[in-house]
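Please build the complete structure, drawing on both the sequences and the hints.
Chains as they are written, first to last, in our numbering: chain A, 1 to 176; chain L, 1 to 161.
Some clues are possibly wrong.
Facing chain L, according to a computed beta carbon distance under 7 Å, are these residues of chain A, among others [unchecked claim]:
#1 D6
#2 F9
#3 A13
#4 E23
#5 A26
#6 Q27
#7 T96
#8 I97
#9 L98
#10 L101
#11 A103
#12 H129
#13 L133
#14 Y135
Taking CB as the label site, the calculated pair distances span [stated by the list, open to error]:
#15 T53/L <-> A3/A: 21 to 31 Å
#16 S51/L <-> Q136/A: 18 to 28 Å
#17 S38/A <-> P23/L: 24 to 34 Å
#18 T16/L <-> S102/A: 15 to 25 Å
#19 R41/L <-> S42/A: 26 to 36 Å
The hints are simulated quantities; they were obtained by calculation from the structure and are not laboratory data. It should be emphasised that the depicted structure is a prediction, and the values quoted were computed from it without experimental measurement. Yeah, the Cβ is synthetic: ideal placement off N, Cα and C, and Gly gets one too.
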Amino acid sequence: MRAYQDMVFSTAARLAGNETQAEDIAQEVFIRAYEHFSDLRSSVTAGGWLKTVTTNLTLNYLNRYRKRWRFFSEMRPATEDSESEAPEMDWEIPDTILADLSAEQRCAIVDAALRQLPDHQRLPLVLYHFEDLSYQEIAIKLNVSLTKIKTDIRRARAALLPLLQNGGAARDTLDG
Amino acid sequence: MSKHIDSEQKLERALTQALEGLPLRRAPRTLELRVVDELERRAALPWWRVSFTHWPAAPRVAFVAVCIALVAATILGGVFAFAGDRSFDQAAALLLSWVQPFLAVMSSAGGVATLLVRVIPPLWLYGGLAFGIMLYVALFGLGAAAYRTLYLRPSSVGDAL
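Here it is, written out as structure tokens:
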């Protein structure tokens with residue numbers, strides 16, 4: 001358990017954006033792992049099994065809220081999700097973000113920024129950037145249209161950039 | 001448009017670079033203890049307090065057998081109570097004697113509906129139908145608007161962009 005608890009907790013915390021929920025989810029994951037201990041003990045894919053179970057449990061945890069959100073949020077006109085309605089990024093996009101900070105500092109800023117994103121942006125963004133799923137796989141996993149996934153990830157990136165930059169600037173100020 | 005796509009690609013590259021290789025979050029120290037406590041608590045529960053799939057084989061078989069017996073007893077009891085001393089033909093006739101008036105009532109209701117459809121001008125019928133649909137849509141829209149206004153968070157970070 002000790003070998004995997006940080007991975008399980010990280011996955012749940014970044015997806016859920018809430019540490020208390022993440023701890024509950026991680027607890028349930030390890031209880032399920034205990035129930036399948038005979039299969040997992042000698043399995044080389046135990047880490048992958050734990051990651052998949054963590055992702056699915058977190059999504060289930062958030063599911064009832066997500067269903068309510070999706071029901072009405074997808075009632076918007078179709079053009080709203082189209083390419084033409086993508087957020088305009090009229091500010092300068094840097095080549096690198098937080099590159100001058102240590103990994104631990106970046107981790108703290110990124111996690112704080114992710115917590116500020118709404119579920120429907122954070123979930124696809126984390127699945128894409130941290131879990132390495134494709135747009136198509138995310139759309140299937142979240143049971144949302146591919147177009148909406150692309151739009152949500154684009155908006156999430158656009159929302160994340162100033163949050164990361166502000167976090168980095170604040171860190172520089174504190175260090176200075 | 002091309003500039004817009006370039007910006008998006010640049011942002012994706014920059015974010016990928018910023019997010020990749022981040023260290024894992026450290027799990028709370030209490031996690032391991034919580035898991036062990038929960039496992040002990042669940043292990044201490046008597047078998048009838050846990051999920052059916054975790055019951056021992058004998059109680060599971062017994063439970064299924066009792067359920068089947070109860071269902072069978074209920075059905076047979078109902079049949080015998082209804083039939084009593086009557087023969088099968090008599091019981092069937094008694095059952096049909098209840099069905100026939102019901103069918104007659106349904107037939108009469110259908111006749112009244114047909115008559116109304118003939119008497120009322122089609123324009124009124126279509127108008128009434130349209131009015132009903134309009135009321136339904138209005139109610140649905142009102143519900144959706146109330147949900148979005150009162151329940152959903154006002155403009156999330158990303159939506160504001």
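Structure-based check of each hint:
Interface hint at D6/A: satisfied, since its Cβ lies 4 Å from the closest Cβ of chain L, which is below the 7 Å cut-off. The restraint placing F9/A at the interface with chain L holds, with a minimum CB-CB distance near 4 Å, inside the 7 Å limit. At its closest, the beta carbon of A13/A sits 5 Å from a beta carbon of chain L; the interface hint therefore holds under the 7 Å criterion. Taken as an interface hint, E23/A checks out: its beta carbon lies about 6 Å from the nearest beta carbon of chain L, inside 7 Å.
Residue-level restraint check for A26/A holds (minimum Cβ-Cβ distance to chain L is 6 Å; threshold 7 Å). Interface hint at Q27/A: satisfied, since its Cβ lies 5 Å from the closest Cβ of chain L, which is below the 7 Å cut-off. A cut of 7 Å between beta carbons decides the hint on T96/A: the least distance to chain L is about 6 Å, and the hint holds. With a cut of 7 Å, the hint placing I97/A at the interface with chain L holds, because the nearest CB-to-CB distance is about 4 Å.
Taking 7 Å as the C-beta contact cut-off toward chain L, the hint placing L98/A at the interface holds, the least distance being around 5 Å. At about 9 Å, the closest approach between the beta carbon of L101/A and any beta carbon in chain L exceeds 7 Å, and the interface hint on this residue is violated. Proximity of A103/A to chain L holds as hinted, the smallest CB-CB distance being about 5 Å (cut-off 7 Å). Evaluation of the H129/A hint against chain L yields a held restraint, the C-beta minimum of about 5 Å falling below 7 Å.
Interface hint status for L133/A: violated, as the beta-carbon distance to the closest one in chain L is roughly 14 Å, over 7 Å. Taken as an interface hint, Y135/A does not check out: its beta carbon lies about 12 Å from the nearest beta carbon of chain L, beyond 7 Å. Range check, T53/L to A3/A: about 29 Å between beta-carbon atoms, so the 21 to 31 Å window is met. For S51/L paired with Q136/A, a C-beta distance near 35 Å fails the hint of 18 to 28 Å.
Against the hinted window of 24 to 34 Å, the Cβ-Cβ separation of S38/A and P23/L comes to about 32 Å, which satisfies the hint. Between T16/L and S102/A, the C-beta spacing of about 19 Å keeps the proposed range 15 to 25 Å intact. About 28 Å separates the C-beta atoms of R41/L and S42/A, a value consistent with the hinted range of 26 to 36 Å.
Consistency note: the structure conflicts with the earlier hints numbered 10, 13, 14 and 16.
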